[in-house]
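Chemist: The residues making up each chain are set out below.
There are 2 protein chains.
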Amino acid sequence: MKEIKLFAPATIANVSCGFDVLGLCLDTVGDEMIIRKTTKKGVRISKIIGQDLPIETEKNVAGVAVLALLKQLNSDAGFEIEIYKNIKPGSGIGSSAASSAGAVFGVNKLLGEPFTLQELIPFAMEGEKLASGTAHADNVAPALLGGFTLVRSYNPLDVIKMNSPKELFATVIHPQIEIKTADARSVLKKKVTLKETVIQLGNLGGLIAGLYTNDYDLIGRSLHDEIVEPSRSILIPEFDAIIKAAKDAGALGGGISGSGPSIFALSKGKEIADKVALTMAKAYKNLQIDFEIHVSKINTKGIKIL
Amino acid sequence: MKEIKLFAPATIANVSCGFDVLGLCLDTVGDEMIIRKTTKKGVRISKIIGQDLPIETEKNVAGVAVLALLKQLNSDAGFEIEIYKNIKPGSGIGSSAASSAGAVFGVNKLLGEPFTLQELIPFAMEGEKLASGTAHADNVAPALLGGFTLVRSYNPLDVIKMNSPKELFATVIHPQIEIKTADARSVLKKKVTLKETVIQLGNLGGLIAGLYTNDYDLIGRSLHDEIVEPSRSILIPEFDAIIKAAKDAGALGGGISGSGPSIFALSKGKEIADKVALTMAKAYKNLQIDFEIHVSKINTKGIKIL
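Protein chains in written order, with the working numbering: chain V, 1 to 306; chain S, 1 to 306.
Calculated from the structure, these hints are not laboratory results.
Any given hint might turn out to be false.
As the list makes no split between identical chains, a pair holds if one copy fits it or if it spans any two.
Said to hold, decoys possible - For lysine-lysine, the following BS3-like pairs were computed, each having C-alpha atoms within a straight-line distance of at most 27 Å: (1) K71 x K297; (2) K195 x K180; (3) K129 x K195; (4) K275 x K244; (5) K285 x K161.
Predicted model, so just to flag it, every value in this text is computed and none were measured.
Next up, chain V with everything else stripped away, as it sits in the complex (with noise of 0.2 Å):
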């Protein structure tokens, strides 16, 4: 195999009460990638269609990634990618991430498959360092694994696949402001008290007890973010209104996509996801916001080969 053709998705880290921990795999919003095999030593952006990000290798989370990977195998194989960015960087739908993880993907298939799938989460990692200074695996995890995702620990990196129910889906919607994950960090408290914690503790343990029983309603009932929604929501254009008009439609629950400024929402059913969006669209319409917004359901393979 000389050339890979895939399609990255899209992912939402943090799912409410699961803070840095939790992430999603989207199914009809994601990038495509084609990468090839080049007889040049090294990594090549070649072409990044769709969005204005650096094509210089070592200032673009695709090639730092890549980059990352051949100097573990201590390869001198050289590749060219060709980027066709669909998510908007700082829309809060892991838009560096599926370019990391795709292209460690890409670049793993055409060497033979030297890595796991979860041995490419570090390598993905390092373009999301490049991206928000933080080598966070919460959007890389579940664009790589697919489904519902836990980083149980970074040190050692630990991340556990999880279950996802069948009928779940979600609905994101993307109001066209932004909002820097640095400034997104900036409102975060640095302590918490012990009783918000609990109630953190609480929340996440039922969804993921959701998860795996298949129960929404208790799905429902956990998604609520004690800690950080609270300070961060603010930023985020009539938060609560997207929210209240999400469940008045059906909706499950919801919260902040990563540091935001996407709003999601998850239902049971795609009837039901559809409605949410109708409603979520709605309200920002009525406030003259744009919007993008999206209806999907949990993609459990993550990367795909087109």
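Since chain V is already given, all that's left is putting chain S on it; use the hints.
Modeler: Below, chain S without anything else, positioned relative to chain V:
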């Protein structure tokens, strides 16, 4: 039915990373109770064998729990309760919870089960409130429901019974020292860092995922308490040495049982759990600390009629 005899099990609350939300039910340690319908209205504690505990109904945890149940029913039924107390108060394995849960379970049976097991939890919590000042559910829930339980929320009360891997065994050692729950609470920090919270969330998530997938290694990797154990373990003699000895003997991991001083370890299979017991016992013998020790599978039934 005029009389019921039952086994009211000991329980382990917190379970390391599950501070204030997780609990599990033991099988080989517990009280026995005999509850009898009487013609005289009200609740009388007729006998307490094994421990020196208040016999006045309003000062006894079993008494107040049953009074709360009868009040809810507006019932003028009468009961007398004999308690054969094997669980030492203050041991950290749910002594008050066993009495409260056992009493409401038995009375509910004798009344023809007006309440489900879930519905009995709030009554049993009244006993906990009397014992420790806080109406916590993390011991009474596993005592009543069996297995591993999660208190997702107190407001409203939402308790989930989770899966218990079949080969999971607990070893519990109780050093014969007293730690008052109030003292164990007073060493807790009121605030924790966001970083500590995220580590705790990761481990709680890993533990629950491990329970549902019968992944013993994951359970072991997740048995780490970032928040409470560092402060509370200083109240327990040689805590670190006991945990290390347990792990060296093959335990998956362990921690403080409830608010201590009992220490628990979880192991895969009875053979390892027995070996862990020997090792823990040896450590305390060498230090000339008196102790009691128990090995038990996870009791998935909860209270049992004898």
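Chemist: Work down the list of hints and note, for each, if the structure agrees.
Modeler: Hints and how they fare:
no.	hint	result
1	K71 x K297	neither (36 Å within a copy, 48 Å between copies)
2	K195 x K180	between (29 Å within a copy, 21 Å between copies)
3	K129 x K195	between (32 Å within a copy, 18 Å between copies)
4	K275 x K244	within (13 Å within a copy, 54 Å between copies)
5	K285 x K161	neither (37 Å within a copy, 43 Å between copies)
Hint compliance for this structure: hints 1 and 5 are not met, and every other hint is.
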